[in-house]
Amino acid sequence: MRTVEVLFVIVILLTAFLITTYFAVLPSPSQAFGTNLRELSQSTLETLDADGILSASVFEDPNDPAWTDLQKALSASLPPNMVYNLSIYDLTADSQGVVNYQLANSISDANFGADSDAASLMVTSPNVTFTQDPQKVGESTGQNITLYILNCSDANGWWITGYTGQTLAADVYSLLSPYFTTIVLVNSTSELGLLLSGTLLTTEVGESVENAVVVNTFGEAVPIPDDYCEDGLNETEGFDPAHDGGTYAKYFHTLGSLTRQYNWTWVSIVGYPFYYVTNTNNPHISSSQNSYGIYGMKDVRRAGSNAFLQGLDNQGYVYDENRIAFDIGVVQFTSEALDRCNYYGIYPAPYQTSSRALADDILDDYHLDPFASVFELKNSRIAAATFRHQDGSGALTAIGLTRIPDIRVTALALLMYYNPTVYKSEFGASGTSRLVTLQLGQQGGT
Amino acid sequence: MTGATIDHMISLTILIAALLVAMMTFNGLFASAVDYERNRQVANKAVDIMNTICLSPGSPIDWGETNETLLGFGLQDPEAGGYTLSPYSIMRLNTGNSSGGSQIVYYPHTGLYYNNVSANYGHGVLIPLGDCVNYTDAAELLGINGTYGFSIDIAPILEVSVSQVPVSPPQNHLILKVDVRGSGLPLSGATLNYNLFHVKKGVTYPLIATYSGVNQTDSSGSAVIEFDNVDESKDAYSFIVYVSIGGVTGNGYYTHNTLGDDNQLVIPFIQDYDQGTVIIAHSWDVQGAGSPPVPEIKYNATFFALTSDFQFQQIEIVNNTGHLIYGVGDPYFTTQLPVSEVGLLVISYKRDATRLGSVIMPWGIGTLGVSTSFDSGFGSSGYDFVATELRQVMIDGISYQVKVSTWSLSG
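Protein chains in written order, with numbering that gives the first Met the number 0: chain A, 0 to 445; chain B, 0 to 410.
Please keep in mind that the hints were generated in silico from the structure rather than gathered at the bench. Since the structure is predicted, the reported quantities are computational estimates derived from the model, not experimental observations. Ideal Cβ positions, reconstructed from N, Cα and C, are used throughout, including at glycine. Do not take every clue at face value.
[Claimed, not checked] Covered by chain A, according to a simulated footprint, are these stretches of chain B (three or more residues, beta-carbon under 8 Å):
{"no.": "1", "stretch": "12–22"}
{"no.": "2", "stretch": "78–91"}
{"no.": "3", "stretch": "103–114"}
{"no.": "4", "stretch": "185–199"}
{"no.": "5", "stretch": "385–396"}
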């Protein structure tokens, strides 16, 4: 009787073994450990096209000797145990813009076994020139919008670790120059003083103080001209001796008022906006440091942002130390931002850390509307967006991310706000592009 | 009672036997799975290493062109991107300990050892060993020191061999035969762009006369090129040929000296990689003194930059002539190359009126089609499983194949 039971146990064990072997199927050794055919294929296509030979050959007539040369090149460059199939697809777009792929030609040296992999490369005809012409900001509305980039040599930055204001100014210039007709670098705090007084800084025909974009590349610090400092000609517009033992919150109120007056878009690239003033030559500021050892800087702290927004909202100056920016951790791009990344070809990381996101309370308190949000709203905080006053006078683009700054986020935020069109020649137009796929197979063992 | 006992014994025996068989069978299955998993990790590591080497320039990105300390390992050309390797970074690999690598060279007058990335017949690049990246440093920077072993082999895809075709007297002009093969097969219809650097006689510091032309390989992958102005036995020359077909390129070279033996009398060393400073030394100072009389060498150094269409453009260099006498006067002379241009430093020299020669130093390994291997010197023998990865790359416009082999050091 027990023998019969044991036989049952054996049957169960055998069944377990069969089921295990049925499901636990390991890939063949060639699949698991063979040469990475996809990457070999990709590198082969790229090297064949290094001098544009592949691009030129695949647009030739199928009877052209270039195809024979291509076949010889493939045979010569691939290991003897590899077989290949090179297929070229013509791209045609119908009236709806749907792109279709039609096999134009194919060359192969053998049939494939079980294991093969492929890579592809989009090539363009050497006889076609592709262009990308961005529309200038303001062109669609007939506005003349000048981009001012603060590049003051007598200022220090904060929360821009790894950069200086000057290097960031160069990056802003590089990223945004295709989109603006007139770009002016503000090279000193005295030039900034002229700008604040409405004076043009160059003789360029297109320069206009009104409707301009002003990018502060110094992070949480904002350059301050001597005139607005203590004992300066415009001291009363910059220095408030009554609070905090003397504070420059008043200067930020003036900046907010001027932003409103000139209909500027003021851009803060990182961190808590308007947290410090900086001027390395002014005697009242040059010997001060921001408690982290950066001299030429005086802290205004939370009162700076409030004062700016008061000015932007045409409110009188009231010293206000209430906090309006908060740490909300990791934030992610909005779908609109992801779409604009592809459109403008700017690709910052879609997940960033925001330690200085502005609370949405400011929208009601200062009559602002948020536009072009780069990141999803989180905990009622806005990590990066452009806040335009409801009466259309002036705006603040605030990127409340943590350091190290990614200037591409600033560029993306501005482009999302102004939304200039980019006129591209059609890559998918018939006869201009072809898709080349190279399928490789490995013959024999590994 | 006896029947029940027997039933127990039989059933217990069968049960134990069945369990043993099952355990052995499952053990075999699990052992295969464990082996598979372990080997798959090695294969994945090979892909990682290959990607890092081919698709990252390292840090700093221009480390191959400077004397800066390497912080991240990678061989990609930072200016070209894609599957293009920096010819300079490869020159800074310490291949002295690698299996198949050339022996390091000691030069007493600088007191330095030099890494030898050489072709043959004395042509190659000698770089101060201290400026090179050794295997251990590279492994540490790749994060695999002590866990995985690896080797890198970089070799041209096309095999281009050049030989001299004997002529029957009274003819004495030079005939060269170029054979081109790819993947073991002759390559017909390939375009050849060739240059002959002819060492001119009758001048104090022998000049280079350049003859260039275009040809094509026949159905057997060969081409014959004739030079009427060059005497096949009495003239010294160097011949370089660049081959291209359908996007694949390669090169080969051949040198003929009239010194009486194969030893070069002039040896160039790179003194400062950053500045492109090159020492031109007497070979007796390096290889030891030969039989008297002491050869007095008068040389003329010429730098040819390689253009994208495989043409050479001569670029003026400082201190291009010199008189080397072993044991007398300056032990060596220095010249300076344009560091941003890949090309060839061709040093033509003479011992006397009839004994002349030329030596070539590539600036960028692709210009002379030099192969290189970089490993620990111990290889992968003794390890059960070695994963290999292959990629095609470009170096100085020449098609190369990179092979990375990886194995687990933990057994």
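Checklist line | Coverage criterion applied to the stretch 78–91 of chain B (partner chain A; beta-carbon cut 8 Å; 3 residues) | finding: holds (count 3)
Next item on the list: Examine the stretch 12–22 of chain B: at least three residues should have C-beta closer than 8 Å to a C-beta of chain A.
Entry: Per the Cβ count (5), the hint holds.
Item checked: Verdict on chain A covering the stretch 103–114 of chain B, where coverage means 3 or more residues with a C-beta closer than 8 Å -> With 0 residues in contact (Cβ-Cβ under 8 Å with chain A), the coverage given for the stretch 103–114 of chain B is violated.
Item checked: Stated coverage of the stretch 185–199 of chain B by chain A [criterion: 3+ residues, CB within 8 Å] -> Per the Cβ count (4), the hint holds.
Notebook entry, point to check: Within the stretch 385–396 of chain B, is the number of residues with a Cβ closer than 8 Å to a Cβ of chain A three or more?
Noted result: holds (count 9)
Against the hints set out earlier in the document, a violation occurs for number 3 only.
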